[in-house]
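Undergrad: Sequence:
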Amino acid sequence: MDEETDLRRLLTEQQTYYRRRAPIYWESGVVALSEAHASGLKRELGEAFDAHFRGDVLELACGPGTWTPMLAARARSVTAIDGAPEMLELAAAAVAGENVRFVAADIFGWDPDRRYDAIFFGFWLSH
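Number 82 in this note's numbering belongs to position 82 of the sequence shown; there are no gaps in the numbering.
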């Protein structure tokens, strides 16, 4: 096999695993924080989001919408992209704002249809 084939196989395996975990993601994919720690983190992130995510935001690998609601509360618009339709369902349930567009696509092959003021991704690299 060549390197490109190996990479494609690896990414496909990772995506399959990720999609299968969607129903239990909140139970097993996130470390529980104390209320005080979570509150402080949310405050700090809110300040950073206020400073950097006011315009049109592209959120890569939005997953179950961990950060999407905070982005949507600040941004003019959010395009949230993920390769797993199961995760996009969870994300859509987490966001009340009408300024969010969800896109199911392979990030590595996706071609944006517009320009964005900012790009955000949270846990993408850790996965």
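None of these hints come from the bench; they were simulated from the model.
Using N, Cα and C, we set each Cβ at its ideal position, and we do this for glycine too.
There's no promise every hint is true.
[Claimed, not checked] Label pairs and their in silico Cβ distance ranges:
#  : residue 1 : residue 2 : range
1  : 55        : 10        : 28 to 36 Å
2  : 94        : 16        : 22 to 30 Å
3  : 2         : 47        : 44 to 52 Å
4  : 48        : 115       : 20 to 28 Å
5  : 7         : 32        : 30 to 38 Å
6  : 34        : 6         : 24 to 32 Å
7  : 69        : 19        : 32 to 40 Å
8  : 101       : 48        : 20 to 28 Å
9  : 73        : 23        : 25 to 33 Å
10 : 60        : 10        : 16 to 24 Å
11 : 8         : 43        : 37 to 45 Å
Undergrad: Against each hint, give a clear statement of whether it holds in the structure.
TA: Do the hints match the structure? See the list:
1. With their beta carbons about 34 Å apart, residue 55 and residue 10 fall inside the hinted range of 28 to 36 Å.
2. Between residue 94 and residue 16 the beta carbons are some 23 Å apart, a value that agrees with the proposed interval 22 to 30 Å.
3. Judged by the Cβ atoms, the range 44 to 52 Å given for residue 2 and residue 47 holds: they are separated by roughly 46 Å.
4. At roughly 22 Å, the beta-carbon separation of residue 48 and residue 115 lies within the given 20 to 28 Å, and the hint holds.
5. The hinted window of 30 to 38 Å between residue 7 and residue 32 holds, with their beta carbons roughly 34 Å apart.
6. The given range of 24 to 32 Å is broken by residue 34 and residue 6, whose C-beta atoms sit roughly 42 Å from each other.
7. At about 22 Å, the CB distance of residue 69 to residue 19 disagrees with the hint of 32 to 40 Å.
8. Evaluation of the 20 to 28 Å hint for residue 101 and residue 48 yields a pass: the beta carbon distance comes to about 23 Å.
9. For the pair residue 73 and residue 23, the supplied restraint of 25 to 33 Å holds, since their beta-carbon distance comes to about 26 Å.
10. Range check, residue 60 to residue 10: Cβ separation about 18 Å, and the 16 to 24 Å hint holds.
11. Separated by about 41 Å at the C-beta atoms, residue 8 and residue 43 satisfy the suggested range of 37 to 45 Å.
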